[in-house]
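The listed protein sequences correspond, in order, to chains H, S and E.
The first sequence begins at 1 in the working numbering and counts up one residue at a time.
The second sequence begins at 1001 in the working numbering and counts up one residue at a time.
The third sequence begins at 2001 in the working numbering and counts up one residue at a time.
No wet-lab data here; the hints were simulated from the structure.
Computed from a prediction, not measured in an experiment: that's the story for all the values here.
Glycine is no exception: its CB is placed at the ideal position from the N, C-alpha and C atoms.
Accuracy of the hints is not assured; some may be wrong.
[Said to hold, decoys possible] Across the chosen pairs, the derived CB separations fall in these ranges: (1) S/1006 with E/2122: 42 to 48 Å; (2) H/137 with E/2046: 30 to 36 Å; (3) E/2049 with H/231: 36 to 42 Å; (4) S/1176 with H/12: 56 to 62 Å; (5) H/210 with E/2215: 57 to 63 Å; (6) E/2225 with H/53: 51 to 57 Å; (7) H/52 with S/1002: 41 to 47 Å; (8) E/2002 with H/53: 52 to 58 Å; (9) H/242 with S/1344: 26 to 32 Å; (10) H/171 with E/2067: 21 to 27 Å.
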Amino acid sequence: MNIIVFLKQVADTEARIFIKSDQNSLEIENKYNMNFFDEFAVEEAIKIKEKSKDAQVTVCTYGPKRAIEALRTAIAMGADKAVLLNSDGLECDDSLTVSKVLAAFAKNEGLDLILCGRQAIDDESASIGGMVAEFLGVPHVSAILSLDVTDGKTARVESEVEGGKERVEVHLPALLTTQKGLNTPRVPLITGVMKAMKAVIPDVDPTILGLPREEIDPSAAGIRVLSYETPQQRPPVKILEGETPAEKVQGLIKALKEQAKVL
Amino acid sequence: MNFALTEGQEFFRKTIADTVDRMIVPKAREIDEKDEFPWELWKDFTGLGYLGLRYPEQDGGMNADKVMCMIFYEEVARGSVGFAQSVIMNILMGTYFLFRFGSDEIQKRCLYPAMKGEKIATMCFTEDQSGSDLGATRTTAVKDGDGWRINGTKMWITNGPICDFCTVLATTDPGKGLKALNFYLVEKGTPGFSTGQVIEKLGCRGTVTGELVFDNVWVPNENLLGSELGKGVVYVGEILDEVRLMTGAMALGVARGAYAEALEFARKRIAFGQPIGKFQLVREKFAEMDMLMNAARLMVYYGAWLLEAGGESRLIAAEAKMYATEVCLKVVDELTRIYGANAFAYEYNPQRYFRDARFLLYGGGTHEVLKDFIGRTIVGKV
Amino acid sequence: MPNDIFVVVEYKDGGIRKVSLELLSKARQVTERLGSTLYAVVMGHAVTELAAVLRKFSNKVIVVDHEELENYRWDTFTSVLEKLAEKYKPFMVLGGSTVTGKDLFPRVAARLKGAIVSDAVGMELDGTSVRIKKPLYGGKIVSWVSCKENLTAMITFRPNSFAVENHNLTGELIEESVDPLRDPRITVTGIDKGGSKKVDIQEADFIICGGRGMKGPENFDILESIADLMGGRVGASRAVVDSKWRDYDDQVGKSGKTVSPKLYIGCGVSGALHHTMGMDTSKVIVAVNKDPNAPIFSYADYGIVDDLFTVLPILKKELEQAKEET
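Make the full structure from the sequences, and use the hints.
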């Protein structure tokens, strides 16, 4: 079974981000990690591989050269193969464009199962999974919480739906997006780390995947950033004074009613 | 000149930092408060295989270069100095003599399990009346049939009370000072070998430190770890620079943990209507800390690079240990100032860094002894 | 027609979800200025009666009623929405950034080769072009984006992004018959409805959140009773969920749910960054914490520095009273 995991390297939640003076581009502190939700995808793929003898896990990202580090992490965890689709000079923020590139990769590679995180924590778009599946013409299930593919032909999954959970059987090939709760991503063993340190990860120009260049050129993007701004700052907190807790609470209720007008 | 880590080293740094953040950082407070050996964490963490860090791949190790070793020591200490102390004892001092001189049988029985965390190792130098002054060692080893009979008491032994085996320094002739010292392997369960007092420490808690008692302990010839009698001190010299640099790396790790705590606080704590990080006197502290930490980092990693390259590293290793530890003390001090009175409360973390930093003063040689050594070496015989 | 807008309506327990009414209210401002038509699109089975409410919020209500649409599935819903979009050619299709919206919109966007923006929080008209406001990096940065002109723009918005305004329209009801296409490769074998009829935490107007300061799972009862009183939900910090005091479903923060209720009350929540990133867009933030230095106070509008076990019963009583008065 060929398992492909699409992952994204994202800025660490603690990384400092500044808007450059043109108001149109960002400067991000050099702290990057594998996307939180993609870790569940990598872990699940490796678990499947450990259970079945013939499974191979390929991890892939479409992004800048630095994203190789996130691919290395996946190899340290146990992935067999990694490929960087280098986005240098190409559009790599727009979901429409990114999905086309990833779908083209999966088509070339041949697949039974694609896993990816339910969303990236930087843009929180949650779009790539469904779009890649559509471009490949395969079914998808979003936000899965459990997975069983023992027969290699069907995936039995449990997924998050509005107001509860749903159990679904889906024929492979299929794309599944992973949600927290699916598993606990492993911390790599030293043997994995050593393998990852030595791994030669191909740096591939995505234009060889058969997509016309004009479809992945920055001008092809479906969305365009007009400007960035920092969120409005809240005025300093108003600590409610009072002799007793009751007085403080009464002051709060009054403020919520009369100033904030939320009661 | 090239100061950059290789891509592999950089990946190693990232991975071990992440592992520490996930496994050790969340437990650091509990380890310190309980002051009990964290068995569960030990099992989980050592299961990853890092204890074989510096040994060859064919022995199940990682064959890490000295720069990677420093990265590891620094990161683990950033997580918890107490836990780091136990881990590093197994990685370096506790197993080195077994790796170097142990018979196949000894390596199979003790070294390999210790590299997997299945056995806990330690090394015993210090006694009640001797620390840096190794020549004053009073524990004796006397030839007895096909083996040696050991008598004495060791103090301040990291992992001592829970160890499965120890490498013990003993003299064959107390009158001969440094020239009669040898190392012997003593395993748990050997008649006459027992644990004594457990030391309650100010910092570096969670690692169990205490007394080991050798009361007429007999070990076979095979347990003498060294190819030549009386060369114990020479053999210690083989890892002395690494031990000192390691202590410096640990100091750097503690300093970084403290610095991060200070930075977070300075950005978030509001006083006089603004985050305190906006005040110049607070900013000055960060400029100072950053400068000192960078200087310490350069010394530690330069030392590691020299050591790996086979250069002369004795002075720089001693200097790096001393300097990084002093920088660490300065950083934790600044942390407690930036944090204000809350730094004095057990509820917050600064007090832990403050206590832990003190511990690093003593390991790898007191600064008084190191300074004298450095000065004497530089001035030479006059 | 150019400049027409679709709002894909979600409903639950026979009622229209608030997020859909919010989107209709906001979209109406846009179509009014552009002189275009606002469509409320309802797909489902036996949903015609929802149209009565929707007519007040839109120019036209498109209802596709089919038994195959009884439960949401991306395959059937995508096929229907694709057909409708091809027929009516809206320039924007809006929906909630909900579990359903996040599943449906990407699929449709790819099928239409459209532009997609997810998890947006604002929309403004600049002349005749629409600007979309979208937070990035956990709210550290706000971006304004626009969609390429000749592409259908598929946009999902976070619940509580806009106010509900009843425009008292009398929209025309259009019953479209479209045969949904089911993908035979997927079979639903069971549905587990969480049992509770509680409002979705992301849609809740009121969230009272417990942190490590709650000391144990047993102390969350009072938070539950306050949430019930206010028609809201109980949230939890990561520390609480990691300690298994509450389900992951309740987790507010970077690795949990991103919420922006009208009123958020944090109880014993220190305000670690990963938490505040998931709630700092709340309209009004109240923090109760005995530690005056807890970082949450830097994010709060109002704060009470006191023991929360003393404060909570009083707060409950006062809220009950405030409720009675209104």
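In ascending order, which of the hints set out earlier in this document are inconsistent with the structure?
-> none
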